[in-house]
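Visitor: Add chain Z to chain S, keeping to what the hints say.
Next come the chains, spelled out residue by residue.
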Amino acid sequence: MALIKLNTRSIPDDAVTPAKVVQEGRKNLLINGGFEISQRGTYTSAASYNDGTYLIDRWETLRDGVTANYQHLVPVSGESSYGFKLIATSSAAGAIRLRQRLEIPNIYKWGARTFTLSARVKSNSSNARLLMYGGSGGGYVTMTSDSNDSHTGGGAMETLTATFTTTGSVSSEFAAFVGIDNARSASDPTIASGDYFEVYDFQMEEGSHASSFENRTPPEELALCQRYFVRVGANTGTDYNFNMRGINAVSGQTFYNNEKFPTTMRAGPTVSIFNTSESRAGTPSATSTSINGMRLDSTCGSSGMGYYRYCYTADAEL
Amino acid sequence: MIITDAQYKFDSLEGVNSSVKVTIDGTEVTVPLDPANRHYAEILKQVADGDLTIADADEE
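For the protein sequence lines, the chains are S and Z, in the order given. FYI, the numbering for the first sequence is 1 to 318, going by our numbering. FYI, the numbering for the second sequence is 319 to 378, going by our numbering.
Hints may contain errors.
To be verified - Derived DMTMM-like pairs (lysine to aspartate or glutamate); straight-line CA-CA distance at most 20 Å:
| id | chain 1 | residue 1 | chain 2 | residue 2 |
| --- | --- | --- | --- | --- |
| 1 | Z | Lys339 | Z | Asp376 |
| 2 | Z | Lys339 | S | Asp297 |
| 3 | Z | Lys363 | S | Asp51 |
| 4 | Z | Lys339 | S | Glu259 |
| 5 | Z | Lys339 | Z | Asp329 |
| 6 | Z | Lys339 | Z | Asp323 |
| 7 | Z | Lys363 | Z | Asp343 |
| 8 | S | Lys27 | S | Glu220 |
| 9 | S | Lys122 | S | Glu158 |
| 10 | Z | Lys339 | Z | Asp352 |
| 11 | Z | Lys363 | Z | Asp323 |
| 12 | S | Lys122 | S | Asp146 |
| 13 | Z | Lys363 | S | Glu173 |
| 14 | S | Lys27 | S | Glu103 |
| 15 | Z | Lys339 | Z | Asp374 |
| 16 | S | Lys260 | Z | Asp352 |
| 17 | S | Lys260 | S | Asp297 |
| 18 | Z | Lys339 | Z | Asp369 |
| 19 | S | Lys260 | Z | Asp329 |
| 20 | S | Lys260 | Z | Glu332 |
| 21 | S | Lys27 | S | Glu206 |
Said to hold, decoys possible - Cβ-to-Cβ under 10 Å is the rule here; a few derived chain S residues that face chain Z:
| id | residue |
| --- | --- |
| 22 | Tyr256 |
| 23 | Gly268 |
| 24 | Pro269 |
| 25 | Ile273 |
| 26 | Ser288 |
| 27 | Thr289 |
| 28 | Asp297 |
| 29 | Asp315 |
Worth flagging that the hints you see were computed from the coordinates, not collected in a lab. Cβ coordinates follow ideal geometry from the N, Cα and C atoms, glycine included.
Bound-form chain S, shown alone (with noise of 0.2 Å):
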C-alpha cells in the first residue's frame, strides 16, 4: 500500500476534513476551559472577592472599580460543561474579568501565528466581551476579527468568538480574558450593580475559525491544572489522615521528610501547610521547596512512637 504523506497545513481551516480533525490534537491552549477543576475549594454559593484571587483552577478573578460575586455554576440540561459567573454588587466605572495567563515560552516558539478564541456567554451587558492581552509592548491585542467578540446584553446564551495573530514578540504577559470592560479601552465602562456574565466552554485555539469545545476527561484536565496547583488533603474525612507520617521521636531532633508533588510544576511553588496534628512529633514545616516537592521539618517535643500529620497547598500559578 503506497503511503501517502498529507501535509494538512495546506488545508484551508474552514475546509475541515477528518484528516485535519485527526491531527488536530490538544487544540485547546486554554486549561480548564469548561471551569470544571476547582481544587481550591466549592464555590457553588455566591460570595465576594478581592482583585487578584484565584478561585476556580486557572483562573484569577479581577474586579476594578467595582465591588463583585463569584459563582461557580453546575452543568444544567442543555450545557456541556461547568461555568463560572461574575455579577457586580456596586455601580461605578470598572471592569470584573476572569483571566489566564498562558506560559510565554510556548508563545514565543510559535512566533507569528493566528488563534481564535471562543466561549459560551450570557449576560445583561453589552460590553461583556472576549480579549487577548499580549500584544508587541503590552496591551490587549488587536483583534483581527472581533465582529462577534462582545454580548448583545440581551441575556441569552451566545457563541463570542474573536481572532488574532500574534506578532512573534508577545510582552511579559500572554492573557486570554473574558468579561464585562472596555474593548482594548484605556477607559473602563459604566457597570451596574446586577451586572453580569456567565461562561462555559472557554476555548483558545490555532487557525481562524472557532470549532466545538474539546471536552477533556477530568482526570486529564485535573493533571494540566496540577501544574500551576495542588491540594492534597481536605479538612475533614479519610483525607485528613492521608498525610501521616509515624516516626521514633528523640526529643529536640529534627526529622526530615520528602513530598513529591503529583507532577513537575512551572516553578518552585508557595506551600501552605493545613489541617496539622501531631504526636510527640513538631509541627511539619516545609523548609525547602522545588518544582518537584518539599522537604518537611518536625523537630520532636518528646521521645517515643509518634506521628505528625498534614494538608498542603502548592501554588506555582503564573
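Guide: Here is chain Z on its own, set in the frame of chain S:
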C-alpha cells in the same frame, strides 16, 4: 496581595536560606527563592519599593 511578617527560613542541612516564611492575605505560607514564583516576585518588588522587610532567619 497583602504581604506581612516576612522572615527567611534557614535550611540547616544545606546551610543556606532556602525560603521565606510570610503571611499572604492572612495565610502563613512558605515561598521559595524562585523568581518565577509570583509571590516571591511580589516580595522582591515590595522590598525594592521599601514596603516590606525580610527578617533574618532564626538562629539554629
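Visitor: Give a verdict on every hint.
Guide: Status of the hints after comparison with the structure:
{"no.": "1", "hint": "Z:Lys339 / Z:Asp376", "result": "holds, 11 Å"}
{"no.": "2", "hint": "Z:Lys339 / S:Asp297", "result": "holds, 14 Å"}
{"no.": "3", "hint": "Z:Lys363 / S:Asp51", "result": "holds, 18 Å"}
{"no.": "4", "hint": "Z:Lys339 / S:Glu259", "result": "holds, 18 Å"}
{"no.": "5", "hint": "Z:Lys339 / Z:Asp329", "result": "holds, 12 Å"}
{"no.": "6", "hint": "Z:Lys339 / Z:Asp323", "result": "holds, 8 Å"}
{"no.": "7", "hint": "Z:Lys363 / Z:Asp343", "result": "holds, 17 Å"}
{"no.": "8", "hint": "S:Lys27 / S:Glu220", "result": "holds, 14 Å"}
{"no.": "9", "hint": "S:Lys122 / S:Glu158", "result": "holds, 6 Å"}
{"no.": "10", "hint": "Z:Lys339 / Z:Asp352", "result": "holds, 14 Å"}
{"no.": "11", "hint": "Z:Lys363 / Z:Asp323", "result": "holds, 15 Å"}
{"no.": "12", "hint": "S:Lys122 / S:Asp146", "result": "holds, 18 Å"}
{"no.": "13", "hint": "Z:Lys363 / S:Glu173", "result": "holds, 17 Å"}
{"no.": "14", "hint": "S:Lys27 / S:Glu103", "result": "holds, 16 Å"}
{"no.": "15", "hint": "Z:Lys339 / Z:Asp374", "result": "holds, 11 Å"}
{"no.": "16", "hint": "S:Lys260 / Z:Asp352", "result": "holds, 18 Å"}
{"no.": "17", "hint": "S:Lys260 / S:Asp297", "result": "holds, 14 Å"}
{"no.": "18", "hint": "Z:Lys339 / Z:Asp369", "result": "holds, 17 Å"}
{"no.": "19", "hint": "S:Lys260 / Z:Asp329", "result": "holds, 18 Å"}
{"no.": "20", "hint": "S:Lys260 / Z:Glu332", "result": "holds, 19 Å"}
{"no.": "21", "hint": "S:Lys27 / S:Glu206", "result": "holds, 7 Å"}
{"no.": "22", "hint": "Tyr256", "result": "holds, 7 Å"}
{"no.": "23", "hint": "Gly268", "result": "holds, 3 Å"}
{"no.": "24", "hint": "Pro269", "result": "holds, 7 Å"}
{"no.": "25", "hint": "Ile273", "result": "holds, 8 Å"}
{"no.": "26", "hint": "Ser288", "result": "holds, 4 Å"}
{"no.": "27", "hint": "Thr289", "result": "holds, 5 Å"}
{"no.": "28", "hint": "Asp297", "result": "holds, 8 Å"}
{"no.": "29", "hint": "Asp315", "result": "holds, 8 Å"}
In this structure, every one of the numbered hints holds.
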